[in-house]
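Student: Required output: the full structure, derived from the provided sequences and hints.
So the protein sequences, as listed, match chains A and B. Going letter by letter, the first sequence gives residues 1 to 215 in the working numbering. Going letter by letter, the second sequence gives residues 1001 to 1496 in the working numbering.
Heads up, some of the hints might be wrong.
[Unchecked claim] Computed cross-link-like contacts, SDA-like style, restricted to lysine to any residue with a CA-CA straight-line distance of at most 20 angstroms: (1) A/K193 / B/E1025; (2) A/K47 / B/A1478; (3) A/K47 / B/A1433; (4) A/K181 / A/P168; (5) A/K181 / A/L204; (6) A/K47 / B/L1326; (7) A/K193 / B/H1008.
These are computed hints drawn from the structure, not numbers from a lab.
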Amino acid sequence: MSQGNRKLRLYVTIGQRLFRDSLLFQLLLHNEIDLVGESETGIDTLKSLESARPGVLIIEENLPDNDGLTIAEHALSEHPALAVLLISDTPVSANRLAIYLEAGIKAVVSKHQPIQDLVKTLFYIRNGQVYVGAWQKPDAPSQGMLNAYNALSGREREVARLIASRIPIKDIAEQLGVSCKTVHSYKDRIFVKLGFERLPELILFMKRHHNGAAA
Amino acid sequence: MAITEEPHIFLRYDCENARRTFEDELGNDLRIDAFPTDQAAISALEHCPTPPNALFVLASQSPIQASPPLLVHARDTHPDLLKILISDTVPLDMLVSLLEQRLVDRCFEQPVDPDLIRSHVLTSALASKPSLQGVVSVPAAEAPIVLIVDDESTATKYLARQLERMQNDFRVLCADSAEQALETIRSQSGTVAVVMTDQRMPGMQGKELIDELKQSHPATIRILTSAYGEVHVALDAVNEGEIFRYQKKPWRATELLPLFQEAVSRHLTLASARENTLSQLERQFSELRRQRRARLLENLSAPVNSAAGAPAMSLFLQAVDAIPCLAANSSHLRASLETSLEKDLVQQFGEQVQQQLTRLQVTASASTKLDETSVLAALQSAGLAKDEHHNATSTLSVLCQTLTTLLAASGQDWRTLQLSQPSDNQLVLASTAPLKLYAHLLAPLTRLSRPLLEQQVALLLLFVTTHQLGGELQINGAAQSYELVLSLPLAKATVA
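Tutor: Have a look at this one:
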């Protein structure tokens, strides 16, 4: 595709260092993301946008120095092609979301949503599109994944449990009496079915929802 | 208007299985009324009291006809209804023809991404589109420009000359890259009515240019053109770039002339509609601002002025009013009219000011010796204890704390202030760089934030404490910023 090789030029404005780092560690796992700048304040962000020229700005609603939304509005008045993803402290009602979208924000993700939602949203808005997730029903976000897990075969669930316990593939193969290649193909299938890309996602999921249950 | 319940859609299907899959994937988020025939859907459209948020046509068995009666009906009777076609395959010719007849707004090939589909419907349902019906388009003062973007500059130059000879309604300019096109659009401030761009060019691609223009110049009509039948690029350009047409190459001037004429007239309608909306918004907001100011004055003039011994409340409002912020847009208006923003603003600002005034009553009883050393010391300690505003012991320290808050909001601190003594009994503190103020109490707001209230309370308090100390505060507003000059009488112990 024509835009396949186009990097996503990202700028991140988040006040707290720990939160910013955690998010960046996740986002930078994606090859297509090119971090072109970061700040903890709105003032710094507005100062650096001209030279950093990001395509997407992730900005927190509550910044230490200014309101993130106000800063985003000013950024947009200078750089109308910028796609802004606002991180809100609380889930946003449909009415407020409508106001944000009219202000030119492309998407809102609340701090109560899983990281996967943020990553997905980020890619949807990269070309300047608006993305609205399912605001209607703040359903248990992991229900879909639990269903997917329950749809795994017994063997797949067993392999998922072993992998999540950090047992090496070689040992799993030995334990189950199959080849390493077979275990790898189970692993691939599990990741595809659960929508995971990396081991920590699987470990966290198993710890949260199946600690010991699948044993 | 914003929707409070799940969006309602009409679904025209030709295959039971496809309908079931669609309902499985989207039935949770959308209220779906499904119809097996055009007639059934048309009759429902005619009889439903409020039109649905979107109309889906799910063409899975047979390719869609050239002008499906349902889509024609929807276009003619519900011009604002979002029309979405989902088909197993979309031949480029079909897409070109549907676009030409304005029969679809979005078009997808199977398999579709339900998240994306849902987002399109929700976004459209949440947006309040200004209706174009009844808009009288004002002819442009200068001849509108049609910009042709293609890296084969000999071909475009020849075409441009041909088109210019054929008519006097618009001028034709050429750019041989997307980058140059953006440059031209910027330099022609608002007169570029139509951009027709090739997809394949060195550097920035046509689709990227279209995406950028959709954001930065929404009233500029976008046309994509290509010699290659890349249907995916065309689909993306329709769904993401909301293009007006897809024009296949080779070009013929006789075909392009009516296309450009139609596009220019569409641009004039869009531009006039935007202008109407903007001036209407400006009027509505200035009335809101008047009411807000009146309520703030009524609420706070008495306590603030009596604490300051001067008309500090109106001085403060005058000062912020002279700091221009962004122009009001529909998001601000909706926040003011549809949420409790206006009420909360007056109430929360009032409460915080009252709190601070009570604090000042205590500190004002302590005597303050005013000289350069004490001012510097107070500034320094206020800078250190930014977050502990409760330990202020004198009016001077409160004054310095408010200064610190205002400076910090601009990424500055007390060291950026210039101190001078123009005479024996006067100390002047002046900002050396403009202090930023991106929003204030009389500006259009979408949200009431903690920093906004904090900074506004600080500015008001700066007026109050300056007057309490017998000084004078001058705020010179500029675009989203201000300069500050504060003069204090020296060597005089002030006792409240």
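Student: Would the pair A/K181 and A/L204 pass a check requiring their Cα atoms to be no farther apart than 20 angstroms?
Tutor: violated (25 angstroms)
Student: Going straight from one Cα to the other, do A/K193 and B/E1025 come out at no more than 20 angstroms?
Tutor: holds (17 angstroms)
Student: Are the Cα positions of A/K47 and B/A1433 separated by 20 angstroms at most?
Tutor: holds (14 angstroms)
Student: Decide if the proposed pair is consistent with the structure: A/K193 and B/H1008, CA atoms, cutoff 20 angstroms inclusive.
Tutor: violated (31 angstroms)
Student: Is A/K47 within 20 angstroms of B/A1478, Cα to Cα?
Tutor: holds (17 angstroms)
Student: Assess, step by step, whether the Cα of A/K47 is no farther than 20 angstroms from the Cα of B/L1326, and give holds or violated.
Tutor: holds (17 angstroms)
Student: If you draw a straight line from the CA of A/K181 to the CA of A/P168, is it 20 angstroms or shorter?
Tutor: OK: A/K181 and A/P168 at ~13 angstroms, within 20 angstroms.
The structure fails hints 5, 7 (numbered hints given earlier, in ascending order).
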